[in-house]
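Dock chain Z against chain E, hints included.
So the sequence lines, in the order shown, correspond to chains E and Z. With positions in the first sequence counted from 1, the corresponding number in the numbering used here is that position plus 58. With positions in the second sequence counted from 1, the corresponding number in the numbering used here is that position plus 5.
Since the hints were made in silico from the structure, they are not lab data. Yeah, the Cβ is synthetic: ideal placement off N, Cα and C, and Gly gets one too. Wrong hints could be hidden among the right ones.
[Claimed, not checked] Partial list, derived from the structure: chain Z residues whose beta carbon lies under 8 Å from chain E:
hint	residue
1	30
2	34
3	39
4	53
5	76
6	80
7	143
8	144
9	153
10	156
11	159
What follows is each chain in one-letter form.
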Amino acid sequence: MKNKVLMGLAAIVMVAFLSSCGKVPQAQVDATNAAIAAAQTAEAAVYVPAEFTAVQDSMKAINASIEVQKSKLFKKFGPIKLKLDATLALANKVAADAAVKKEEVKKSVEASLAAVKAVIEENKTLITKAPKGKEGAAVLEQIKTEMTTIEASVAEAQGLYDKGSFMDANNKVKAAADRATAINTELKDAIAKVHGKGKPAPAPAAAAKPAAKPAAPAAKPAAKPAAKPAAKPPVKK
Amino acid sequence: MRKVWRDVLIFSAVAVSIPLVILLLIHFTPQPPIGAIEHAREILSTAGINRADTYSKKLYTEAKIFYDSAMVNWKKENKRFIYFRHYDKVAMFAELCAKKAGQASENSVSSSSNLKIQLKEKIESLDDLVIQIDELFTTYPLTSEIRNRISKGKILLKEGEIIYNKGQYFQASRKITDSEYLLTESYENASTNLKNYFKSFSLWKKWVDKTLNESKKSRDYSIIIDKFSRKFFIYLSGSRKYEFEAELGKNWVGDKRVKGDMATPEGMYKVTQKFEGSKTKYYKALLLDYPNEEDKEKFRSEIEHGSLPANAKIGGLIEIHGNGGKGIDWTEGCIALTDKEMDIVFRIVKVGTPVTIIGSMIELKDVVDK
Chain E
59 MKNKVLMGLA AIVMVAFLSS CGKVPQAQVD ATNAAIAAAQ TAEAAVYVPA
109 EFTAVQDSMK AINASIEVQK SKLFKKFGPI KLKLDATLAL ANKVAADAAV
159 KKEEVKKSVE ASLAAVKAVI EENKTLITKA PKGKEGAAVL EQIKTEMTTI
209 EASVAEAQGL YDKGSFMDAN NKVKAAADRA TAINTELKDA IAKVHGKGKP
259 APAPAAAAKP AAKPAAPAAK PAAKPAAKPA AKPPVKK
Chain Z
6 MRKVWRDVLI FSAVAVSIPL VILLLIHFTP QPPIGAIEHA REILSTAGIN
56 RADTYSKKLY TEAKIFYDSA MVNWKKENKR FIYFRHYDKV AMFAELCAKK
106 AGQASENSVS SSSNLKIQLK EKIESLDDLV IQIDELFTTY PLTSEIRNRI
156 SKGKILLKEG EIIYNKGQYF QASRKITDSE YLLTESYENA STNLKNYFKS
206 FSLWKKWVDK TLNESKKSRD YSIIIDKFSR KFFIYLSGSR KYEFEAELGK
256 NWVGDKRVKG DMATPEGMYK VTQKFEGSKT KYYKALLLDY PNEEDKEKFR
306 SEIEHGSLPA NAKIGGLIEI HGNGGKGIDW TEGCIALTDK EMDIVFRIVK
356 VGTPVTIIGS MIELKDVVDK
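Pulled out of the complex, with its shape left as it was, chain E reads as follows:
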């Protein structure tokens, strides 16, 4: 009888032992979660979104696997530990990649800001050299307004850069650079046209006014640019 009792107890102990031989690798889980949080802090969702999503998905799968094992009578966490190791390494890599990408974007913004500021300065000089004949001055007025807006946009981009929003700053500075470059090309083309005619670059007030067109063949009013400076205002108008 004593033997039977002992054997029964041995069986129960064995079952209890088998059912509790695996424990959740909580330290590894915590470390991996911390690494994912660090990747998030490193703005991995902004700079390496696909990789960050992959890490998150991997962790979700691990959490589910842990619950699967916890649901079992005989638990086995060995493969999960391996997955946790891999995910931890991946999370660390994603954080590092995010930092590298962020630095790249930061450098790109810095370069773009410097470039656009140089173009703006060049445009300011070109404006003074641009021909002002036939609607030219009116176009220049419009260009000046646009330049003011571009400068404001660059200032906004600089503000975003200072705040660390490099992606937004990048988009903004590129738009500003595009407009500034378009104006730069427009101004250079206008100046080149004047030079192409064999004339020197006109002074601001010496406009390249095109020849007046006679409607009848009889008249040939070939008007040349007015060489005089701006007239004084009239007395009464």
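Just chain Z, lined up with the frame of chain E:
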């Protein structure tokens, strides 16, 4: 001997019953919905890849909540004694998650695709609008506020295009919507202004017809100045002989109302005096009979109706003069030509030559078409 057999029998029974019990224990262990959870997670992940967090935010958030609820319930059940666990709620939440995530994914694909098409169309139409604005209003004296808004609209449009090309349609749509608002509103304001300007077109047409008829009858020179196109036409016997670029008052839109408003008047005038040399600051000048009786009457009426202050003064000394060719409307209401053009005009025009100043010789719709 019997005892040995009895022990063997007992040992065998125990040896068989232990695995049997274990198998029974395993068999009767409640099974969690592993497949359902995995399925939900995969669909949720696909929804994430399809940017449902952006394009179908509500459904995606609901799906995430259902997944989290499934996991929370699973954990809760796993804390209970193994044979008291119930995974029905876990399965239910996993199923709901899969359903919502699937919808979110589908919606997201469809929304982003539609948004992409809509944005492409919008960008194209706004690019066209920018071209139209530039063509119509580059030399039109819009207020600086409108000009600033147009400029901001253009740069926002470019920013939107850059973000669009990165495939970030939702973010691009914000920029493009802001740009659309600025550009459309500015265009409408400017267009209203332009339409108001062209309201007098039928009157201008009458003046032009009358001027040309008179030129035909008298077989003499007449001048017509089209303010909108900034053209200075000289007719002889009703036929156009010369066409020059004219520069006008800084605030040339609309008729001149009061002294100092920088507007170039509209009306039928005549040359009253010719100046050259030291008699003018502008190389050569032709004084017009502005204000004529009609202008004076209109001015008096405006004073009476209070649309002008009682102390307002009517303008005068409107001339056609030289020193032009600046490419900008810079005068205080006069019409400026280049000195070379002024030489021609001065030579053929005499005191009494009709000078008709109008807003435009062509209708607004033709201006727009052009």
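The hints, checked one at a time:
1. Evaluation of the residue 30 of chain Z hint against chain E yields a held restraint, the C-beta minimum of about 6 Å falling below 8 Å.
2. For residue 34 of chain Z, the interface hint holds, the least distance from its beta-carbon to any beta-carbon of chain E being 5 Å, beneath 8 Å.
3. With 8 Å as the threshold, the beta carbon of residue 39 of chain Z comes within range of chain E, its nearest partner Cβ sitting at about 5 Å, so the hint holds.
4. The interface hint given for residue 53 of chain Z is met, as the beta carbon of that residue sits about 6 Å from the closest beta carbon of chain E, less than 8 Å.
5. Checking residue 76 of chain Z against chain E by beta carbon gives a least distance of about 7 Å; that is within 8 Å, so the hint holds.
6. Taken as an interface hint, residue 80 of chain Z checks out: its beta carbon lies about 6 Å from the nearest beta carbon of chain E, inside 8 Å.
7. At its closest, the beta carbon of residue 143 of chain Z sits 6 Å from a beta carbon of chain E; the interface hint therefore holds under the 8 Å criterion.
8. Annotation: residue 144 of chain Z was flagged as interfacial toward chain E, and the flag holds, the nearest CB pair being 4 Å apart, inside 8 Å.
9. Interface hint at residue 153 of chain Z: satisfied, since its Cβ lies 6 Å from the closest Cβ of chain E, which is below the 8 Å cut-off.
10. At its closest, the beta carbon of residue 156 of chain Z sits 4 Å from a beta carbon of chain E; the interface hint therefore holds under the 8 Å criterion.
11. Here the hint on residue 159 of chain Z is kept, as its CB sits about 7 Å from the closest CB of chain E, short of 8 Å.
When held up to the earlier numbered hints, the structure conflicts with none and fits them all.
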